[in-house]
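Please construct the entire structure, taking both the sequences and the accompanying hints into account.
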Amino acid sequence: MLLLAVRFEFKQAVEQSVTIGVESFGVTALTSFFTGMVLALQAGNTIDSIFGDPIFVGTIVTFSLIRELGPVLTSVVVSGRAGAAVTAQIGTMAVTEQIDALYTLGTNPIRYLVIPRMVGFVFTMPILTLFSNLFGVLGGYFVAVYALGVPGEIYMTDITSFMGAKDFMHGFIKSFAFAFMVGTVCCYKGISTRGGAEGVGKSTTGAVVTTMPF
Amino acid sequence: MIEIINLQKDFGEKKVLKKVNLKIEEGKVTCILGGSGSGKSTLIKCLIRLEDPTDGKIIVNGKDISRLKSEIKMAAIRRHFGYLFQEGALFDSMTVGENVTFGLKYLTNVPESDYPKIIKEKLALVGLTEDVAKLNPSELSGGMKKRVSLARVLAVNPKVILYDEPTTGLDPIMSDIISDLILDLKAKLGVTSVVITHDMHSAFKIADYIAFLYEGQILLYGTPEEFRKTDNPYVKQFVAGSSHGPIQMKLMKD
Ligand SMILES: Nc1ncnc2c1ncn2[C@@H]1O[C@H](COP(=O)(O)OP(=O)(O)OP(=O)(O)O)[C@@H](O)[C@H]1O
Ligand SMILES: [Mg+2]
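Protein sequence lines, in the order shown, are assigned to chains A and B.
If you're matching positions, the first sequence starts at 16 in the numbering used here and goes up one per residue.
If you're matching positions, the second sequence starts at 122 in the numbering used here and goes up one per residue.
I should point out that these hints are in silico values taken from the structure, not numbers from a laboratory.
Since the model is a prediction, treat every value here as computed from it, not as a measurement.
Label-pair ranges, simulated between beta-carbon atoms:
#, chain 1, residue 1, chain 2, residue 2, range
1, B, Q369, A, V37, 51 to 59 Å
2, A, T220, B, E242, 42 to 50 Å
3, A, K217, B, H201, 34 to 42 Å
4, A, V53, B, S234, 51 to 59 Å
5, A, V224, B, G158, 32 to 40 Å
6, B, L310, A, F25, 32 to 40 Å
7, B, D305, A, A192, 55 to 63 Å
Ideal Cβ positions, reconstructed from N, Cα and C, are used throughout, including at glycine.
Here it is, written out as structure tokens:
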């Protein structure tokens, strides 16, 4: 019976991963693409005015994205998109006694709702971050090549020079930490929702606002 | 048997249950009457710790569960209870059929291949056809939701069922069918029932004992016969459903 329960929740976890991933993918890609463009433009113009040549644009774009911006952008988008949806859904369940009903039917909200969603966040956020980096670098490429006149090959080699596995891991670990936080805050805010539809609204905004400063 | 001793429940400043003492006899139907907002739902929620009591004892099978901390131990107690929620509390992300069989995965060893049979059987008990199984809860009427919710409770065959207003929102004929169902469960399976109700007709039909909750205490406990004959003015007014009497006076004084 335990095995049955685990298998059942596994299904939930997969479902949640897909939902969270699909919900957030488009916005993450778009936001990252434009951020990469802006990064490249700014870095290019600044370097150009100092050195008279937009060198290392690729390095700067990639470096900022992979170490800092990628994980941050992704977690902001995910918390605003999938996180808010999670809080609203669990919150609605709380105010309509569906959470109580879970207890009376042999399970509990941690096992049935929170864990699958946590798995969903922790599993998808690093993948989304990876895509975010990719789209950001791509956005940077367009600006560098077509607006700043950096040769494409140079941009590409700039990306790999100075970038080590350490920087990559740095960003990767960050995205795990963010995923954990967004998941915890959004689920907690959902479960502790009280006070009808108004309460659901409050806890949903509350969840997004709480996760933003990180 | 379940025994509630000096149960107290506060919500912040608000003292909802002050000193409730009540015995729930095994294999019998106990009806709980009381005005709107008198704390009936709160009382049965405390019974399975969906609310934590502020003070007092709840003895289930000889053990006080009012202070039980372990979620695992509490789950072991809860598995013998069924709870019909006042608003149904159906899972809105699932179909009616999935709702009905939800508890089977966690509380029984019933194989998944038997689920369709159980859905059909339990829906029939509450007067619904199996066509309903494919619908979403949002496509149901209020009374249908209540009955699906009851089917979900019945599916796991609990020994004790706590009903929060099982007949509210149902037409008189359907109400009577549900009343019969509660009696049937008692007669055939020896199910213990605690029924919160405003439906006097149903209460007098099904109850072995009635408890009247007023101002955070059980004002009167007895058989339906004793309730009919009582000269307690509060109970008399409530049973008669009259707006004239001591309860009205109290309301106006507040
Ligand atoms: N979670 C809560 N927080 C604060 N107050 C609550 C909460 N739940 C219930 N109450 C209060 O406790 C009182 C009793 O509520 P309860 O739902 O138990 O009443 P009831 O007897 O079931 O009423 P009804 O017949 O209308 O269903 C009400 O005054 C209500 O305002
Ligand atoms: Mg109630």
